[in-house]
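There are 2 protein chains.
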Amino acid sequence: MFVRKEFKAFCRMFKPKTAYILWQHAQMDRYGREVYMPSYKAPVDDTMFILRDVLNFERYDNLSGFSDAPLDMIEAILGESAKFCEGVLTPINRIGDMEGCKRHPDNSVSTPDSFKSAYQTYVQGGWNGLTTDPDYGGQGLPYTLGAVVNEFMSSANMAWAMYPGLTLGAIAALQTHASPDIKRIYLPKMIEGTWTGTMNLTEPHCGTDLGLLKTKAVPEADGSYAITGQKIFISAGEHDLTENIIHLVLARIEGAPSGTKGISLFVVPKMMINSDGSLGARNPVTCGSIEHKMGIHGNSTCVMNYDGAIGWLVGEANRGLNAMFVMMNEARLGVGIQGLAQSEVAYQNAVAYAKDRLQGRALTGAASPEKPADPIIVHPDVRRTLLSIKAFNEAARALVLWTALKSDIAHRSEDVAERQAADDLLGLMTPVIKGVLTDMGFDNTVKAQQMFGGHGYVAEWGMEQFVRDARIAQIYEGANGIQALDLVGRKLGRDGGRAIMSFFGEVSGFIKEHEATDTMSAHVLPLKKSLDHLQQATMWFMQNGLSKPDNAAAGSYDFMHCFGLVAMGYMWALQAKVANDKLKAGANGATDNMNSKLMTARFFMERVLPETAAHLQRITAGADTVMAMPADMF
Amino acid sequence: MFVRKEFKAFCRMFKPKTAYILWQHAQMDRYGREVYMPSYKAPVDDTMFILRDVLNFERYDNLSGFSDAPLDMIEAILGESAKFCEGVLTPINRIGDMEGCKRHPDNSVSTPDSFKSAYQTYVQGGWNGLTTDPDYGGQGLPYTLGAVVNEFMSSANMAWAMYPGLTLGAIAALQTHASPDIKRIYLPKMIEGTWTGTMNLTEPHCGTDLGLLKTKAVPEADGSYAITGQKIFISAGEHDLTENIIHLVLARIEGAPSGTKGISLFVVPKMMINSDGSLGARNPVTCGSIEHKMGIHGNSTCVMNYDGAIGWLVGEANRGLNAMFVMMNEARLGVGIQGLAQSEVAYQNAVAYAKDRLQGRALTGAASPEKPADPIIVHPDVRRTLLSIKAFNEAARALVLWTALKSDIAHRSEDVAERQAADDLLGLMTPVIKGVLTDMGFDNTVKAQQMFGGHGYVAEWGMEQFVRDARIAQIYEGANGIQALDLVGRKLGRDGGRAIMSFFGEVSGFIKEHEATDTMSAHVLPLKKSLDHLQQATMWFMQNGLSKPDNAAAGSYDFMHCFGLVAMGYMWALQAKVANDKLKAGANGATDNMNSKLMTARFFMERVLPETAAHLQRITAGADTVMAMPADMF
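Just so you know, the sequences run in chain order A and B.
In this text, residue positions in the first sequence follow the numbering used here: the first is 160, and each later residue adds one.
In this text, residue positions in the second sequence follow the numbering used here: the first is 160, and each later residue adds one.
In case anyone wonders, no lab produced these hints; they're calculated from the structure.
Bear in mind the structure is a predicted one, so any value in this text is a computation, not a measurement.
Hints may contain errors.
The list treats identical chains as one, so a pair stands whether inside a single copy or across any two.
[What the hints assert, rightly or not] The calculated lysine-lysine pairs, modelled on DSS-like cross-linking and capped at a C-alpha distance of 27 angstroms, are:
(1) Lys261 <-> Lys707
(2) Lys530 <-> Lys707
(3) Lys671 <-> Lys687
(4) Lys741 <-> Lys242
(5) Lys176 <-> Lys743
(6) Lys530 <-> Lys375
(7) Lys176 <-> Lys261
(8) Lys200 <-> Lys242
(9) Lys707 <-> Lys375
(10) Lys261 <-> Lys174
(11) Lys342 <-> Lys707
(12) Lys420 <-> Lys530
(13) Lys375 <-> Lys342
(14) Lys174 <-> Lys242
(15) Lys348 <-> Lys242
(16) Lys743 <-> Lys671
(17) Lys514 <-> Lys707
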């Protein structure tokens, strides 16, 4: 937060025009108040608690890359990441929103003031290579660490964080499916961050149903393809951060089958690359316009026109969706993290406001009699609201890291069975994290905004930006309804339900072990009840969804949220266990933190988790009522 | 909805600059698709069904003003209102959002293109006087009719509808509390719409806690007062629609007690009024700046500076809050209606899109095999989402009209006991309508936006504007947390719980009468269960909230929503009863509508109402966990 004179100094950091916009737009002192700007402090301590104490991260040092990052080094890296996020990215978050991106008559696009210099700082810090393949210049550290850094950056500046975020997704797809030649040409530059990446799927008439896509690829004599078509909603499609942009594009090779079985993946550079690695001619792929969006204004979301642009096949012909799924799965986890990230930063600002804003008196008598009124954090409904966000944030963070660790195990373990078990849970949890964390994360930004009353609705306090930015995460990378269908229609029954049985086994094992313990029963018994709801729902789908798929689809959204609540409940039970153990052992100066964990866990069990009963009831209502009404009667 | 060439013609209606902005902003044809703009069709039929068949409106023709408006006349008036809303207000809704209001160096404010001409059409149509006192030029028709017109206008253009909406609230306050002289001077012009009104409560440091307000009033020799201070978030505070603006302002007379007991209400005209009724000098009350808001850009939300502005006392000195409550209560119902209104218009557009957008195939086999894909309305999760909005809209509309009718009875009945009984229920339901209808209305705009995928996030389709506009309704006129406290802390226990006992009696009477009927049990039994939850929650408050008010406050928000669900469930049961009766009697060509009512009622009972169980569980969890955590540990 900035007080007024600091704010003046802050404005001077920017180009005169930006400073003017910022100053004028904010009109910071017109109420004669001290001035606030949204602030952010990266939750390094909570992250370390989860990694060290809840997930026992050190146990995994047999995985490649893990021994290079013992916990004290991870803590140091996160400290550096926190500095970058708090000091460089947070201050330009509102500027990005206010200025947005601009497209120029030559089809070039400029990003908001200071976005480029922040990106240069990021690249110089080596952040882009953190978790990528050492063979191409990466540092090969755990993906779990990357997930944390992603959370921090997305809290500090979601629109900015999308530029490197997409690059990492594109790297993952190329790493898995591209030929050695393509890898050699593109990966080193993308890993160092000199070039960014994009994913081009959506067309005007299709997003979810990619089988309809029309962009075509015509084989050329030299083995390349000429790509022609229009893609929309392309995040970071054109910008001024880097000298080159590498597009991963879905298109149909001339003569290929219709539907999803005729789609191939291509790599299409903005600037052609000469054989010596230098940049060559401009490829005819251009930004036709910038979308006018509700939020994430700092990210250039483009209509991209491919007019015979030269591209190369990635992976097998007609197997493009398969290759793109590598990028999409990674992106889906990243989007779920965005939901958590916006919830976290909105929460931090709401807490600060609730401690500062004086309004009314505590029902039990004045808490601050020397002041004209009490800070609003004394009011039960304000506390209820804030606790519901906090209880989500700390469970969601644990769930993200639990799942990210599965990803590391799935990719890095030398034990086949261990890899498969981890991959099962990763696949199962990916739609849950994408769908539930973005829905609840968005709701939390709305709740946090509500704490500000009218001040939350005006731009100056920055709270409404969090709401507008968070909203996209429910939509892109597969709208949340699609995540629910992926979970229920694909992940649940795969391999005879192996993944969900493994999850049920893990959670019920924990419950059995701890339900009789005095200090744990208040946390474990509600979880037991909700796990039972989830198991009943799963059983109901098996009995009623196979013969009539509408029954499964009509209950899919509720099932996804029921699953998310149980998974978060399990994360709280795990955290409560650690907190109890630490308090018993003396807590080492962290008594407050451990008590906070126990109280927040209890709040989650009492007020958030019971919602699973309503989900079960809706699921077992079945599809009849939902399907009965003729379309004309809506 | 407009196709492309109609859109060009549409653009030509506006000033060249506006047309250019509109055209350029929309870039309607860049995807080569037909072009859509949000559309709106006022739900006249559903409203008439509720008035005629559910509420038996004709029974009330003993109330003053009601016999002037038999149902066929009401239907004709609503038809005219629909034309105005659909033809004049809807087309300028997005323009209002894009252009916003502009403040000029002379402190004047201009509204968006065509807002003024729409206002003139409204005034010429005599709409502003519809329900106001005939002694001052009004038509004296039922308030219930005004509530319907308010819904239509708020769906069509919420930002625009706020200008006349605030005038009507100011008229109500003056009507009840002002001296005959003040009424004579202000009411005729305000009722005809020549002057608009505002309400000035909030100051930079206080909104909810008005006891802290600092604006001062110094008595002058002529009986007037000089008002000095700063008010913020003043909707319609300054604009170019009318020649004068009448501000109702809360201020503290010099020497008055501190806190809420020293607040008085003043009427402060922008332009002084000469004794012959003509406009005189400019009063020193000016717009200091326009707020930069998340939405309702078309309404000028102002910082108003009072620099010794001349005002006159309304009602008794130091009893200003009491007088302002007349305006606030009317405004709270109006804000609840805004929640419904945005949900309705968002729903209509989402349904149109869901029938048009082709993506994927029905799970039971292609529904439109001749097309490349099926319209997304075949998918269970899309239907579930749309039905949840529809089930809210039609129940919320019935609840608004049920409550508005109570307001008419409370103000117009000649029977004291009938007046009191109606006033009890009006007071009880006002915070529920404000809090629940705006929360659920906002959530529904988000759900409707979600149906559009990425197209919902870009401005062209207009869906994100509904979300941004609807958001304010949860905040202003008392943030929804305050509504919950009003309900639980003031309305519930008043007069020994007379109001809620009367509500319980009415609903349980209906349940008893119909629970054994075959065609009704599916609708009545779930209501019975949820009413029981609400009664248990009420009982729990009586046993645990009186001795420890934190228990009541911690559960207040859940109680408000539990109450709202039961009230809407009751509205659905009433509608199902009518639909069953009509189908039995032959339905007179309305078979589809009545079947739709029964199916939607069933959906509400199966999938919306069961949430009361979770609310009850949270309420009875009590305040301990909520209050336990020290402020520093948040």
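### Query
If you check each hint against the structure, which ones fail?
When the structure is compared with the hints, numbers 1, 4, 5, 9 and 11 turn out to be violated.
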